[in-house]
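> Residue-level listing of the chains:
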Amino acid sequence: MRVFELMSKQVESITPQHNTRQASKKMRDMNIGSLPVLNDEKLVGIVTDRDLVCFVVANGSDPSSIPISNIMKRDVATCYEDDDIADAAKVMQQHHIRRLAVVDHDNRITGLFSIDDLARGSHKLAGIVLEAAEAIH
Amino acid sequence: MNICDIMKRNVFFVRPNTSVREAARLMHDEHVGVLPVLDMEDNKVIGMITDRDICCKVTATGRNTVMTTVADVMTKNVATCFNDQELTEVAYLMASHQIHRIAVLDKDDKLAGIVSVDDLAHRSHDLASTVLEASAAPAH
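If you read the sequences in order, they're chains A and B. For the first sequence, position 12 (counting from the first letter as 1) is numbered 12 according to my numbering, and the numbering increases by one without interruption. For the second sequence, position 26 (counting from the first letter as 1) is numbered 26 according to my numbering, and the numbering increases by one without interruption.
Be a bit skeptical, because a hint or two may be false.
[As the list claims (entries may be wrong)] Capping the alpha-carbon separation at 27 Å, the derived lysine-lysine pairs in BS3-like fashion look like this:
hint, chain 1, residue 1, chain 2, residue 2
1, A, Lys26, B, Lys57
2, A, Lys42, A, Lys9
3, A, Lys26, B, Lys76
4, B, Lys57, B, Lys44
5, B, Lys76, A, Lys25
6, B, Lys57, A, Lys73
7, B, Lys8, B, Lys76
8, B, Lys110, B, Lys76
9, B, Lys107, B, Lys8
10, A, Lys25, B, Lys57
11, B, Lys110, B, Lys8
12, A, Lys124, B, Lys8
The hints are simulated quantities; they were obtained by calculation from the structure and are not laboratory data. If you're wondering where the values come from, they're calculated on a predicted model, not measured in any experiment.
Go ahead and model the full structure; you've got the sequences and the hints to work with.
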């Protein structure tokens, strides 16, 4: 089975210049937990609801004054739409992560592929990824 | 197998009057995404607060993180299970409530532990994936 059969194709994104409060509003309104960060349509990072809590709220910063570029994870693990889901699962497993940005060959984002998506395709692969992940309870 | 065989026993928790900033600090320092909220007097679980609750109800709204308390933003009436329940039963409970973590209570209704979908995966890939699949909104 290929990634494009299971991935979510509606991708909301944000820029490095937006502030973290704007990111949290977007995550709330769109009912999502992560946002790819794009600069001139190029993928430069990813930010999650958990990042906002750990890197902004926990140290008492004002969310309106912190740009996304300060807290985003720059090293984004990616896969291609036509990758086999077993290969995508392996990337998640090796990096101890639960979602991948799906990109085309120009590094433009076309979707996100999460462990929930993976579970719809293979219980076994999703289980292996969960076991490998560092548990965040 | 019972849920008490796989649950985490040393659970970090907060009180209703704990500030959101303090809860966030605990989530960061202890690498947890959810904290049970225990009543000041009888130690019963009166709610749960997640990193997502803080993102959606505090950061997004611009509320003050010191003045806002856990009680203001926690989820009340959360699903719980008991420590003598079967793994399968608890997994279906989690799936039906679309949650990835659940508080485990002892026979006196006191917090005994917490179980996540990760813990389930160590015993059964099928059960863990059933819980993941049930999440209505994909956890992107």
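> Given the hint that A:Lys26 pairs with B:Lys76, does the C-alpha gap stay at or below 27 Å?
24 Å, holds
> Does the structure keep B:Lys57 and A:Lys73 at a Cα separation of 27 Å or less?
It holds: about 23 Å lies between the C-alpha atoms, which stays within 27 Å.
> Are the Cα positions of B:Lys57 and B:Lys44 separated by 27 Å at most?
This hinted pair holds, its Cα atoms lying about 24 Å apart.
> Would the hint linking A:Lys42 and A:Lys9 be met if the CA-CA limit is 27 Å?
Given that 27 Å is the threshold and the Cα spacing comes to 16 Å, the pair holds.
> For the pair supplied as a hint, B:Lys8 and B:Lys76, confirm whether the alpha-carbon distance does not exceed 27 Å.
22 Å, holds
> Does B:Lys8 lie within 27 Å of B:Lys107 when you go C-alpha to C-alpha?
Holds. B:Lys107 to B:Lys8 sits at ~17 Å (cutoff 27 Å).
> Do the alpha carbons of B:Lys110 and B:Lys8 lie within 27 Å of each other, as the hint requires?
Cα-Cα ~14 Å, so holds.
> Quickly compare the C-alpha distance for A:Lys25 and B:Lys57 to 27 Å and report which way the hint goes.
9 Å, holds
> Verify the proposed pairing of B:Lys76 with A:Lys25, using a straight-line Cα cut of 27 Å.
22 Å, holds
> Mind checking the alpha carbons of B:Lys110 and B:Lys76 for me, to see if they're no more than 27 Å apart?
16 Å, holds
> Has the given pair, A:Lys26 with B:Lys57, been kept, meaning a C-alpha gap of at most 27 Å?
Given pair A:Lys26, B:Lys57 holds - Cα atoms ~12 Å apart, limit 27 Å.
> Is A:Lys124 close enough to B:Lys8, meaning Cα to Cα at most 27 Å?
Within the cut-off at roughly 23 Å; holds.
The structure fails none of the hints (numbered hints given earlier).
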